[in-house]
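Participant: Please construct the entire structure, taking both the sequences and the accompanying hints into account.
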Amino acid sequence: MAAGTDRPRDRFYNNSKVRSIVWQAVLIICVVGVAWLLARTTAENLARARIASGFGFWNVTAGFDISQTLIEYSASASTFGRAFWVGLLNTLLVAVIGIVGATVLGFLIGIARLSNNWLVARLSTAYVELVRNLPLLLQLLFWYNAVLKTLPDIRDSLHLPLGGFLNNRGLFLPAPVGEGVGVLVWAMLAGIAGAIAVLMMWRRRPHQVRLALAPVALLLPPVAAWFLYGEPTAVEYPELGRFNIRGGIEVLPEFVALTTGLIVYTSAFVAEVVRAGLTAVPKGQVEAAASLGLRRGAALRLIVVPQAMRVIIPPLTNQYLNLTKNSSLAVAIGYPDLVQVFAGTVLNITGQAVEIVIITMGVYLVISLMTSMAMNLYDARLAMTERR
Amino acid sequence: MNIVRSLSLGIAAATALVVTASAGTLDDVKARGMLNCGSSGQLPGFSLPDAQGIWMGFDVDYCRAVAAAIFNDPTKVKFVALSSKDRFTALQSGDIDVLSRNTTWTSSRDTQLGLNFTAINYFDGQGFIVRKSIKVNSALELNDAAVCVQQGTTTELNLTDYFRANKMRVKVVAFATLDESLKAYDTGRCDSYTTDASQLYSVRLKLAKPDDHVVLPEIISKEPLGPLVRHGDDQWFDIIKWVHFALVNAEEFNITKANVDEQVKSDNPEIKRLLGTEGNYGEQLGLTKDWVVRIVKGVGNYGEVFDRNLGQGSPLKIARGINALWTKGGLQYAPPVR
Ligand SMILES: N[C@@H](CCC(=O)N[C@@H](CS)C(=O)NCC(=O)O)C(=O)O
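These protein sequences, in sequence, are chains A and B. Take the first sequence: its position 283, counted from the start at 1, is 283 in the working numbering, and no numbers get skipped. Take the second sequence: its position 39, counted from the start at 1, is 1039 in the working numbering, and no numbers get skipped.
Quick caveat, the hints were computed from the structure, so don't treat them as lab data. Check each hint, because a few of them may be wrong.
What the hints assert, rightly or not - 27 Å max Cα-Cα, derived BS3-like pairs, lysine-lysine:
| # | chain 1 | residue 1 | chain 2 | residue 2 |
| --- | --- | --- | --- | --- |
| 1 | B | K1206 | A | K149 |
| 2 | A | K149 | B | K1132 |
| 3 | B | K1209 | A | K149 |
Unchecked claim - Below, a sample of chain B positions facing chain A; criterion: calculated Cβ distance under 7 Å:
| # | residue |
| --- | --- |
| 4 | G1114 |
| 5 | F1175 |
| 6 | G1188 |
What you are looking at is a predicted structure, and each value in this text was computed from that prediction instead of being measured. In this text, a Cβ means the ideal position worked out from N, Cα and C, and glycines have one as well.
Facilitator: Right, dumping it as structure tokens:
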């Protein structure tokens, strides 16, 4: 290395900034080095024990069936890699629906706990205490085995309006078929995203405007898709075959049990978070609002909730993360989520525990980090509008 | 529970692989004074703890036979209950010394997992069970049926193959544990449950009304079952393999739990070698000369183990079939001790 200047104090290694950079670099090198060493010994040991390693399995034909696939998948033609994506999407589906459901239910119950109506407040307290004190696994088994299994057998299916069926093997609904259907589904998702964006982003506009625009944002993409790509050509009705119901859209009981269980369980925690947030807003704020003549509902919506949100968001994020991770209890009731499909069947067939466990943990980490990031962004927005 | 278990086993396997180099399993077992044996713990006839918590069954007796050979005491075994999904990782990570748990020998399991199958102690094949009320007489009539199955089994893969080969459609509903998959079948979630035929007899007893169900005649696969050990310890591999051969040879020479003390006095050179009154064949394995005497005193011969747990002496009443000795038209055949 080149020498510094003559005066000792100015020597570069006496500069605190340089020093801290050097130390950090040393630390990074150490961490990377240890990680590399671990990886190398693991690979060596795997090789010595003759355990297959590497990621070659990713492109090998899977050979097993999965009961719910959001993307095209077949046992004979799809790979283990494809099975991974099927499992991941099934996990995300449960996580997204669970988060939305738990948020709505949790807010309602959290607010209800503070209600002046004695009965409402008591009932919601009882709900929270009951739900959050029973293990989630037990609740999932309850929904799956005690509630959904009591639905009628396939041969005595309940006939729903519009040609649907309900029985202990799931809910079967008519499905639109035709070329435009895929586009239509994406358009609907775009619509939902658009509506959320309108509601959340345009905080500066009066809320009448937002409430008026949200439905437009919601409906515009699907309606446009309908006209541009042509309406679905036909409807496929579920049909009772010799054993099972064929065709249409199938909602698995495993899926219903898992999402219901997660929503109910998490909503109790969300309710507590919401209650804590609401009570954290000083009483004076409510009184001030009342003295301005605002009704309770309006005061809650315009004064209390926006302030409470800043207290609510961080613990709420925790609940979202918990819900996503808890969705891996799916194994217990046979819902084909990422853990069941990938860290279960794929791991078992290939035997590549190290690779598969690492990938699975990585995926949950990424999902969690992304959830936190989104929530932090939202939090930052709230904080800024607050200061204006 | 399950997720925690399998992930932790996976992590255990991963960390074990980071640090361990395999030592002599026999020495480890002797030092521990106990054999660690992985088994299902869910299957009457194969492995199930009784009311006192004592493990009983065909797979269980194999571990007891190993303990008898090493310690002259068939009770020196610690059993670990393992689901289909967790069994291999438990063996890889060293949690258990041997996996004796209705596990099918396949090429990929033998080559990709760092494990070795030692011998075939039960020749099995996959079958289906259905409710009598659906009036099906053959698996070929199951087109479009929903079938419950346990995850991480060869069963899961055979099922898909069979339906595809016969141009039929199937809805596979997979569960991680036997209890869940069986309960799902029992409560009408599926039209059929499928697993190894021997196990169908055993799980049928667990259904709410066993008589309402019938096992279909088709056997759709080969399921050679047997114990496994970790790759890389040849001495231990030999011991587990030869405990099986000892059981089969004992049956062939009609050496039973009741008559083994008599047979020790036999003049038949083959019996003398087997029971260690001639030669030092047990010592060559790293055991004692009287290793087979110990095994037979502990659990009996192959035929006795079979009958007591699966055959006429058990509630399952499974016929010996192809598991009869080769001298009686079956496939059970053991190399000679010499
Ligand atoms: N022989 C097959 C299937 C063995 C198997 O795991 N069968 C299940 C279904 S009967 C079982 O033993 N379950 C018991 C348990 O998980 O404890 C294999 O090796 O994959």
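Participant: Of the hints stated earlier, which fail here?
Facilitator: The structure conflicts with no hint, since it agrees with every one listed earlier.
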